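**Student:** Since the structure of chain A is already known, use the hints to place chain B on it.
As you go down the protein sequences, you meet chains A and B in turn.
Numbers 74 to 357, taken from my numbering, label the letters of the first sequence in order.
Numbers 50 to 328, taken from my numbering, label the letters of the second sequence in order.
Be aware that a few hints might be false.
[As the list claims (entries may be wrong)] With a cut-off of at most 25 Å between alpha-carbon atoms, the simulated DSS-like pairs for lysine-lysine come out as follows:
id	chain 1	residue 1	chain 2	residue 2
1	A	K302	B	K110
2	A	K316	A	K302
3	B	K165	B	K195
4	A	K101	B	K61
5	B	K110	B	K165
6	A	K316	B	K195
7	A	K194	A	K101
8	B	K110	B	K195
9	B	K195	B	K107
10	A	K302	B	K195
11	A	K216	A	K101
12	A	K194	A	K216
[What the hints assert, rightly or not] Residues from chain A shown here face chain B by an in silico Cβ test under 8 Å; the list is partial:
id	residue
13	V88
14	I90
15	R92
16	G95
17	S203
18	E227
19	N236
20	H291
21	G299
22	K302
It is worth saying that the hints were derived from the structure and are not from the lab.
Remember, predicted model here, so these are calculated numbers, not experimental data.
All C-beta atoms, glycine included, are put in the ideal place defined by N, C-alpha and C.
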Amino acid sequence: MSVVEGTARPAPIPVEIGRARGGPPRSKVLRRDLWWLQPLAIALGLAAFVGYGVWTAFRGDYYFAGAHAHYLSPFYSPCFVRSCPTDVVWGPAGSIGSVSPALLVLIFPMGFRVTCYYYRKTYYRSFWASPPACAVADAGSTKPGGARSRYSGETRFPLILQNIHRYFWYVAVLFAGILTWDAIDAFRFGPNGWGLGLGTIFFVVNAGLIWAYTLGCHACRHLCGGGLKRFSQAPVRFAIWRKVVSPLNAHHQLFAWLSLFWIAWTDFYVYLVSSGAIHDPRLF
Amino acid sequence: MSAVSTGELLMKLWRGDASGGDFVEYRLPAQEGEVVLDVVHRIQATEAPDLAVRWNCKAGKCGSCSAEINGQPRLMCMTRMSTLPIDEPITISPMRTFPVIRDLVTDVSYNYEVAKLIPSFTPGPRPAEGYRMFQVDVERGQEFRKCIECFLCQNVCHVIRDHEENKAHYAGPRFLARLAELEMHPLDTLDRRAYIAERMGLGYCNITKCCTEVCPEGIHITDNAIIPLKERVVDQRYDPVAWLGRKIRGRPRPMTPADVEPYTGAAAKAARAGQAEAS
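Bound-form chain A, shown alone:
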């Protein structure tokens, strides 16, 4: 695609490449602080979550507290397959095979997080070391002619696909709605009873954190008002942009981690209750 209509390939910026730079070689890290600690901690945190997620997604059992309370693990919601409990099944039960229900739905929240602007920063730094930390050279960039001596960022396949983030956001809103329904459903105990268990609180917090993360998304910030040139002509969108989405966006990193942790915790709590390891205390 041309730069602008009717022009050919973009001309390079007129700058002389390859002139001598000052300071020691880039391979020498001059930072004295523990610059490696943050990417390492993030790598461990993400790896722990992925490890837990794989275990729980392939488990295929103990994801619904059932007889005791309507606690459905957020990893398994919405539940579509034949083996889903009748209390929580969505859609035409039995039409889809008997794989773990989590495997059918996790691709959507996973895609949302993988293409998220914040998570992109974390894994580019922690796993791809591009860069591992500020003012620390990209891995492999100091070896001339090496496999990683050149860098194209998100201009080419596959990383150009990061641009589909907003489509995952559309689906993520749907999922936030479903998890909100699950939180409401967590107030149901037995066939006709309503109440409040410790797990109910976990589900409500889970839905709240998911909404905080989803509405703080950068794509949401753009779609709800950030893309406008004149806020003064769209006061409602401006109010949403300024008073709701931008404040959440400022804490996107926090909510990304809190919601990630809390999903795993909620799932683990359901596992403990449904497997009989612990008893869910009823508050009333």
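**Tutor:** For chain B alone, kept in the frame of chain A given last:
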């Protein structure tokens, strides 16, 4: 590591030019209330009168004294000595993304070449009743006007710091912020999105946020400029829903070759060459 005695500073300044260089050690007594630039000036006034260092305002407003202090890109005039571990040697090196001229002074002309390529503010016809501006419409752009052009963000950006060849295709965070300011201006009529994606190399940015971390003015370059630009490019190139909306409602015209010509064409090159000769 060299020993540092109490009450003494051990400063390691990179000295050299394009032919090479190394760190040179300077020992001097510690004094209260100093910033790094004060110490560098003391070295210049005593032991090294030929030390090259660029500075001007000493107040964090001119953007001249950018350097790397213990490997961290910072303004020397805004870095208090009391925030550094002065019981260890303190290294000061020039910005490592730009060609060195001498000692701590680098040639930042790459940035001025990029600046020349940015299509400027292009308002539509002046309305009969005149312009009426609202604060809410302009305050986003005002954040980017705080930029002092210290080029620390350009220096820390790994796209050009670690991959020299990308300087030919990538504008860097400071100029993406400038482009965001223009794109968000309520009176601007030019649609620069294709230009930003192709010529200014927006896709090279992988939003690792180092530009935001080092900005001495606290500008949220990534969140408020680069990501909004990426989303605007998505509007134009990757979102059929937005494309349909534009078709129905009509949007600013895309840039034409005539718009770009003043910045990139032969006449602009000739004008620049003429300016260089005159100076």
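**Student:** Is the shortest C-beta separation between G299(A) and chain B less than 8 Å?
**Tutor:** holds (6 Å)
**Student:** Measure nothing beyond the straight line between the CA atoms of K194(A) and K216(A); if it is 25 Å or shorter, mark the hint as holding.
**Tutor:** holds (24 Å)
**Student:** Taking 25 Å as the top limit, are the C-alpha atoms of K316(A) and K195(B) close enough?
**Tutor:** holds (23 Å)
**Student:** Regarding the pair K195(B) and K107(B), is the alpha-carbon distance no greater than 25 Å?
**Tutor:** holds (17 Å)
**Student:** Tell me if the straight-line CA distance from K302(A) to K195(B) falls inside 25 Å.
**Tutor:** holds (20 Å)
**Student:** Given the hint that K165(B) pairs with K195(B), test it: the Cα-Cα distance must not exceed 25 Å.
**Tutor:** It holds: about 20 Å lies between the C-alpha atoms, which stays within 25 Å.
**Student:** Against the 25 Å threshold, does the CA-CA distance of K110(B) and K195(B) hold or violate the hint?
**Tutor:** Holds - the C-alpha atoms of K195(B) and K110(B) are around 9 Å apart, at most 25 Å.
**Student:** Does the structure keep K101(A) and K61(B) at a Cα separation of 25 Å or less?
**Tutor:** holds (15 Å)
**Student:** Quick check on the hint: V88(A) CB to chain B CB, less than 8 Å?
**Tutor:** holds (5 Å)
**Student:** With a cut-off of 8 Å, does the beta carbon of K302(A) approach a beta carbon of chain B closely enough for the hint to hold?
**Tutor:** holds (5 Å)
**Student:** Given S203(A) as an interface hint, is its Cβ closer than 8 Å to any Cβ of chain B?
**Tutor:** holds (7 Å)
**Student:** Would the hint linking K110(B) and K165(B) be met if the CA-CA limit is 25 Å?
**Tutor:** holds (22 Å)
In the structure shown, a violation is registered for the earlier hint numbered 1 alone.
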